[in-house]
Structure formats: structure tokens, C-alpha cells
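The listed protein sequences derive, respectively, from chains A and B.
Counting from 8, one number per residue, gives the positions in the first sequence under this note's numbering.
Counting from 8, one number per residue, gives the positions in the second sequence under this note's numbering.
Incorrect hints may appear among the rest.
Copies of the same chain are indistinguishable here, so a pair counts whether it falls within one copy or spans any two.
Computed cross-link-like contacts, BS3-like style, restricted to lysine-lysine with a CA-CA straight-line distance of at most 30 angstroms [claimed, not checked]:
| id | residue 1 | residue 2 |
| --- | --- | --- |
| 1 | K85 | K199 |
| 2 | K98 | K256 |
| 3 | K98 | K274 |
| 4 | K256 | K270 |
| 5 | K98 | K270 |
| 6 | K256 | K177 |
| 7 | K321 | K177 |
| 8 | K270 | K321 |
| 9 | K274 | K321 |
Hint data in this document are derived by calculation from the structure and do not stem from the laboratory.
In this text, all values refer to a predicted model and were calculated from it rather than measured experimentally.
Protein chains: 2
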Amino acid sequence: MRIAIDAMGGDLAPREPVKGAVQVSRENPELELILVGDRDQVQAALAETGGSDNQIRVEHAGEVVRADENPLQVLRRKGNTSIGRVAELMKSGEAEAFVSAGNTGATVAAAVLSLRLLEGVRRAGIAAFIPTAHGRATVIDVGANLRCQPEQLFQYGLMASVYTRVILDKPNPSIGLLNIGQEDAKGNDLVKETHCLFNGADINYVGNLEGQDVFMGAADVVVCEGFVGNVLLKVSEGLAETIMILLGKTYGREASLSPEEQKTIKKSLQWLHTRTDYREYGGAPLLGVNGACIIGHGRSDARAVSNAVRTAAKFAGLHVNQHMIEEMHRVTSARC
Amino acid sequence: MRIAIDAMGGDLAPREPVKGAVQVSRENPELELILVGDRDQVQAALAETGGSDNQIRVEHAGEVVRADENPLQVLRRKGNTSIGRVAELMKSGEAEAFVSAGNTGATVAAAVLSLRLLEGVRRAGIAAFIPTAHGRATVIDVGANLRCQPEQLFQYGLMASVYTRVILDKPNPSIGLLNIGQEDAKGNDLVKETHCLFNGADINYVGNLEGQDVFMGAADVVVCEGFVGNVLLKVSEGLAETIMILLGKTYGREASLSPEEQKTIKKSLQWLHTRTDYREYGGAPLLGVNGACIIGHGRSDARAVSNAVRTAAKFAGLHVNQHMIEEMHRVTSARC
């Protein structure tokens, strides 16, 4: 399995993507990795991790899309960006999947421009795992498509349920629609119409969900517009951190804990941290493009990158796209 | 101070609103409360709490707007709903503030229809407190206005900063705009234009916030569309509960805690529960209407209702609306 990695993507690039590539290649001898980015910088980072590796090759791309740049403008203007190049490697068949923790908008734009959408798909959406009281749920979309149409949200639900079934090995995942109330009449026009589309289809739809239901694990797949999903995902990170600060510092001070009590609290918070750590979740696939594209968190470190590479390999190896195409043929939406 | 309470509003009505009214009136002899709802049911609930009280009178309203009904249609069709009646009591001057934990859409509609908006205000918005690592933040809007215009979000920021300053006694509160990235170019058209309006005004604007920043306390006021704010608020409740389940059950089982360790974890979770409990936050005001209207959580119990009544008294007593009108005159928005 050959996987291309945007070595310049993310706040900690190129060091951490390169380190992550080295780690994951050592543990997975079947992987061949292509690190794409500024050759000198990538080689230097490789040397830092203990030298090169015959599973890894470096492909030069001299330009980078920064976080504050407009993705489409930049991709058109700059000739050889690392993110444009990884998408091209996938298109030409030199890579079977790619991973980037760079500018999300640029990654989505490069993937859609190079790979195009799967037949019948209207928009690509990013599916991310979040922790719940019962394990994890898949949220789609977390930032590819900020303002959606009902039919797009409907397709997101189908694609993410297939992804969840195949990748988490969960039979017949339930689908819920994020709304501001559970009743049919609740919400804006977008969610009301989407609710109607889901209700009329032969799928495991459990209806409208409210914010508090999401983390209680009320559905395996949570569907929402990209703006809302992005807030949801990031809030979940922030709140977990906040709770750790509150319990670790404020409570510790207020309750005058004994050394033993402090130790107990600390151990439980470490456990919670692991349980809710985005680095463990292996990146988020861009569903709907004709290829395997895994988007990493902007703060990705080596562990996050290596987990994202594992997800990419699994996504391509288990033929998720083929299963999604079959599901989209099987399910027809109602008229609303 | 006379305050009208929708005794039929919320999942636990009329028992809990009535119980809350009795509690708060005993502790605050200066309050006169009007319980509005089905006379027989309200009298029965009053009898249950230990009889009537000369600070409390009952006003009959025979109809209720249920959670699954369309607010505007119902208010037009039903003649004497409890929510319509409390708003009318405020309009006529018989009450100086009102509290309802019923159908939020109906409360907003009744308030706006009866009381009208403050001069110059385009839309009313609900402002709710959420816990942060540094205390609390005010989120506006959490569900009155699901799809907003930039000028509406701009006014929300001004109104909520005044509310936060007066009610939390916090000088010059900072205002942040909820977005999917911190850079100027991030977000949909709505947030980009709102960001420009805030940037051009003489206010304490700290820029775009991402989801994780909100609970870290990056701004005192967080501005967003009602759909997003509603999800944010409810997610914060759900995630806090989820974390308590995870730490209390899953971690307890996995870590085979000793009785002492279990006790420590339990105590810390109880503390966290108090710290993040919406019942402590005293309801959420509908800012922008010409009156004092406090909206309670649908699950409000007696404590939540009594705290909401306290907020209503404070809102009216501190003349929050007058301060908001002055701020809106002081601040002019840029052209974007």
C-alpha cells in the first residue's frame, strides 16, 4: 500500500509528519510512504529522526498553502504546493491514499479538483470521530461544506454510515440529524427538509438529535452542516480540556486535597485525556471524493500523523468508496 | 418588584415552577409573584407545597403551547395561553418581568408580539451563560433566531456585552465571534461580514474564536447564530454529563478503584456537576425586547425556576434595557 503524506501540513510540520511517517512505516512493513514537501526541510527532518528508511521516499514540492490563505486562489496561483502534489500523486495512481494536516480548505479543494467526486455525490464532507458515553460517534460534516443543501446532508448520512460500518466494524449504524429540538417542527428549513428526506428512506434513521444527545451516544452517525460540525468537534476538545483544568486546579485548590486524593484525580484525568484525545482518532476522511483522503488535525503530532496513515491504509484497503457507491445506489430519497 | 411566571411552562410544570415560586418568594419578601396557568392545577400545586402565600397570586390561563406546536400559529389560534398571558401582564405594566420554561419559540414569539423590540433592534436573541475555565461566558444567540444577518449578530454582541457587564458586574467584557478558524478569511459570508462590522466598531472585540476557545474562556461574550448557539449550549451539558459517566463508571471499572479512590472521584464529580449545572445559571434573558423576559431550561426544576426569577428581578431592577439602548446609541458599526 502506497500512501502520500503532506510533510508541510499542520502547525508542527515538517518535523512531526516526518516523525509520524517513520514510526508508522517501522510498525507496518507493508506500507510505502511518499513524503511530499520542501526536499531540504524534509530530508533534514528525516535525518533528525534517525535517518532515512527504504520504505520512505521524498518528493519535492516547494510551496505551501498557509492557514490564512484562500485555498482556491492559492492552488491556482502556486504551481507546486505540497497539498496539490499529494492529491496529484493519488490521481495518477502513484499513491493509493493521502494524508494532510495542513489548511483544511486547501486539502478539500485540492482533493476535489484532482480526484473529482464519486458518481452521484453532490458535495464532499469531512467525517470525524468524537468520544461518547458508549464509545464513539461519527460526525459529518466538520468543515468542508459550511452551508449545505438538504440533499447534501442526506448523502452525508449515507456515506458516513457506510464509513462507520466498514471502519468501526459496526453493523447497521444509526443516523441522527443534529437539530435544536427533537420534534418534527423544530429547526430551520434545511434541517426540516433533511429530516423529511431521511424519514422517507430505507435506512436506520433515529431522527432529530439535540446537542446533549450527541455525546451520550444517541446515534452512531451525526449529520450537520460543516460550520456547526466544526464547532461541535472543537467544542468537544475544549470542554474536555476545560473540565480537566477545573478538576485539576480549581477543585484541587477548593477541596484542599490530600496527596493521595490528588494522585487519584490526576490518574483519572490522564485516563480521560487518552479517551478523548483527537490524536488517537486517526484523522478524518473526506468522504465523497474519488480517492482516499485523510485530513489530520492542524495540531497533529507524530502519533496523530501515524494514526492518520493507518486510517488511510484501512480506508483504501477496505474499499470504503466502493461500499458507499453501492449504498447510494440502494437507497433512494423521498420527495420532500 | 412584580414578576409573572408561566406556571405551565417546562417538562415539570406546573409542580416545579410553582414550588420554585414559593421558594423564591419566601427568601425575597420584596417580590410579588403572579403564577399564570390553569387555575385548578396551579392551586393544587400550591397546596402541595404547603399552601398559598400572600406574595403569590394566581391568574387563570386555560391553554398551553406544547413543545411540538408551531408557536406563531398556536398563539394566533389559542386565545388564552399561559405564555401569551404572562407577556400581556408585562406589557400592561402589571408585571415588571416574566419567566417561562415552556416552548422557547412560543416564548420568543409572545414576547416580541406583545412587547415589541427596543428602538433600533433588528432581532431579539437569547443570551445564556456557560461555564468556562475562568468562570462563565455569555453565549448569544442560543435559539431565538436560527438564521441571522451580520447586523443582527453585531447587535447581539453589543447587547450581550452590556448584559454581562451589568449582571455579572464585569467591566468592559470582551466579545468574540464563533467561527471555524481564527484568520480573517475563515468562515461563511455571515461570519466574515460580522467580523468586519465588529472590527470597525469602538468595542472590546477580540476576534474570531474556535470551538475549543469558548470553554477556555477566551471571550466574555460569544456571538453566533441561534442554531449554532443552541447546539453549543446543549453540547456543553451533554459532554459534562458524558465525562461524568465515563469517569464514574468506565474509569471506575477499568481502574479497579479502591473505596477511598471511588469516594474521591465521586466528590470531584459532584463538585463538577454543581459547577456546570444549568439550574444554577438562572435562566437566559431574551435580549432586545422592550421588557424583561427570562427563558428557563425546558427541564427546569424548582431551583432553576427560583434562580430564573432572581435573574428577572435583577434584570428589571438594574435597568439592563436602558443601558443597552445607550450602548446602541454610542456604538456605530462600520460599513462592510
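Checked hints:
1. In this assembly of identical chains, K85 and K199 lie within 30 angstroms of each other by CA distance solely across copies; the values are 25 angstroms between and 42 angstroms within a copy.
2. In this assembly of identical chains, K98 and K256 lie within 30 angstroms of each other by CA distance neither inside one copy nor across copies; the values are 50 angstroms within and 47 angstroms between.
3. In this homomeric assembly, K98 and K274 never come within 30 angstroms of each other (Cα to Cα): the closest approach is 46 angstroms inside a single copy and 56 angstroms across copies.
4. In this assembly of identical chains, K256 and K270 lie within 30 angstroms of each other by CA distance both inside one copy and across copies; the values are 13 angstroms within and 19 angstroms between.
5. For a Cα distance limit of 30 angstroms, the shortest separation of K98 from K270 qualifies neither inside one copy, at 52 angstroms, nor across copies, at 57 angstroms.
6. Taking CA atoms no more than 30 angstroms apart as the test, K256 paired with K177 passes between copies only; the shortest distance there is 23 angstroms, against 39 angstroms inside one copy.
7. Taking the shortest Cα distances, K321 and K177 sit within 30 angstroms of each other inside one copy (15 angstroms), while across copies they are farther apart (52 angstroms).
8. Taking CA atoms no more than 30 angstroms apart as the test, K270 paired with K321 passes in neither setting, with 38 angstroms inside one copy and 42 angstroms between copies.
9. For the identical chains of this complex, K274 and K321 are neighbours neither inside a copy (32 angstroms) nor across copies (42 angstroms), given an alpha-carbon limit of 30 angstroms.
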